[in-house]
Amino acid sequence: EAAVTQSPRSKVAVTGGKVTLSCHQTNNHDYMYWYRQDTGHGLRLIHYSYVADSTEKGDIPDGYKASRPSQENFSLILELASLSQTAVYFCASSDEGAGNTLYFGEGSRLIVV
Amino acid sequence: GDKVKQSPSALSLQEGTNSALRCNFSIAATTVQWFLQNPRGSLINLFYLVPGTKENGRLKSTFNSKESYSTLHIRDAQLEDSGTYFCAAGGGMLSGSFNKLTFGAGTRLAVCP
Chain D
71 EAAVTQSPRS
81 KVAVTGGKVT
91 LSCHQTNNHD
101 YMYWYRQDTG
111 HGLRLIHYSY
121 VADSTEKGDI
131 PDGYKASRPS
141 QENFSLILEL
151 ASLSQTAVYF
161 CASSDEGAGN
171 TLYFGEGSRL
181 IVV
Chain R
54 GDKVKQSPSA
64 LSLQEGTNSA
74 LRCNFSIAAT
84 TVQWFLQNPR
94 GSLINLFYLV
104 PGTKENGRLK
114 STFNSKESYS
124 TLHIRDAQLE
134 DSGTYFCAAG
144 GGMLSGSFNK
154 LTFGAGTRLA
164 VCP
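In the order they appear, the protein sequences are chains D and R. Under the numbering used here, think of the first position of the first sequence as 71, with each following residue one higher. Under the numbering used here, think of the first position of the second sequence as 54, with each following residue one higher.
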């Protein structure tokens, strides 16, 4: 049974539209993350959170917001989607920060047209 | 330049042979994680390492923090080992704050019959 689940798994959005990617974890982990993967590249950190109701900027936060309403849920929000945000987005959770093992969701493929 | 550089970028192996993937860090790292992204796109955690060596079945990984590199050895390669292998370095020095991970660009491995 998957411990980190993402929705939607795939989405086509129009430029300028709002997109919300959701993530739910049952690992009871404090840390949650949103990463972006572009074709042929590694993962880059967008936002992360170590406690409910608090989020932190990662390496590439511009154009993205995050929300952590509870320990289990972490959302990534694109208020005005742009073509350059076409990518695969991965949510992950870990215990006590990246010093411990990351557990990833299955990814959400976003295409902005 | 790349803070985490993986080599080779791509590799083709015959079933039953051995190989090694390498990850070099240009920044201080206190931990390393290795992941396999399978052909379906799922990210699977293989190893979490502090300096030292771990082994799991046909896989063995070493992290040398003094010389800033990590290796992943694959023994008796099987078809299901195909995919992209990512290393990621963790440690407070990378971000100046909490110990988030910085990923390499990956090594694409194809195991052929």
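There could be a bad hint or two in this list.
[Claimed, not checked] Here are the simulated DSBU-like pairs of lysine-lysine, each with C-alpha atoms no more than 30 Å apart in a straight line: (1) D:Lys81 - D:Lys127; (2) R:Lys107 - R:Lys56; (3) D:Lys88 - D:Lys127; (4) D:Lys81 - D:Lys135; (5) R:Lys58 - R:Lys119; (6) D:Lys127 - R:Lys56; (7) R:Lys113 - D:Lys127; (8) R:Lys107 - R:Lys58; (9) R:Lys119 - D:Lys135.
Treat the hints as calculated values from the structure; they're not laboratory data. Values in this document were obtained by computation on a predicted structure and should not be read as measured data.
Now the hints, each set against the structure:
1. D:Lys81 - D:Lys127: Between D:Lys81 and D:Lys127 the Cα gap is close to 24 Å, so the pair holds against 30 Å.
2. R:Lys107 - R:Lys56: Roughly 23 Å separates the two Cα atoms, so the pair holds.
3. D:Lys88 - D:Lys127: With Cα atoms ~20 Å apart, D:Lys88 and D:Lys127 stay inside 30 Å; holds.
4. D:Lys81 - D:Lys135: Distance of about 18 Å is within 30 Å: holds.
5. R:Lys58 - R:Lys119: Since the Cα atoms of R:Lys58 and R:Lys119 sit roughly 16 Å apart, the hinted pair holds (cutoff 30 Å).
6. D:Lys127 - R:Lys56: holds, 19 Å
7. R:Lys113 - D:Lys127: violated, 34 Å
8. R:Lys107 - R:Lys58: holds, 21 Å
9. R:Lys119 - D:Lys135: Between R:Lys119 and D:Lys135 the Cα gap is close to 38 Å, so the pair fails against 30 Å, i.e. violated.
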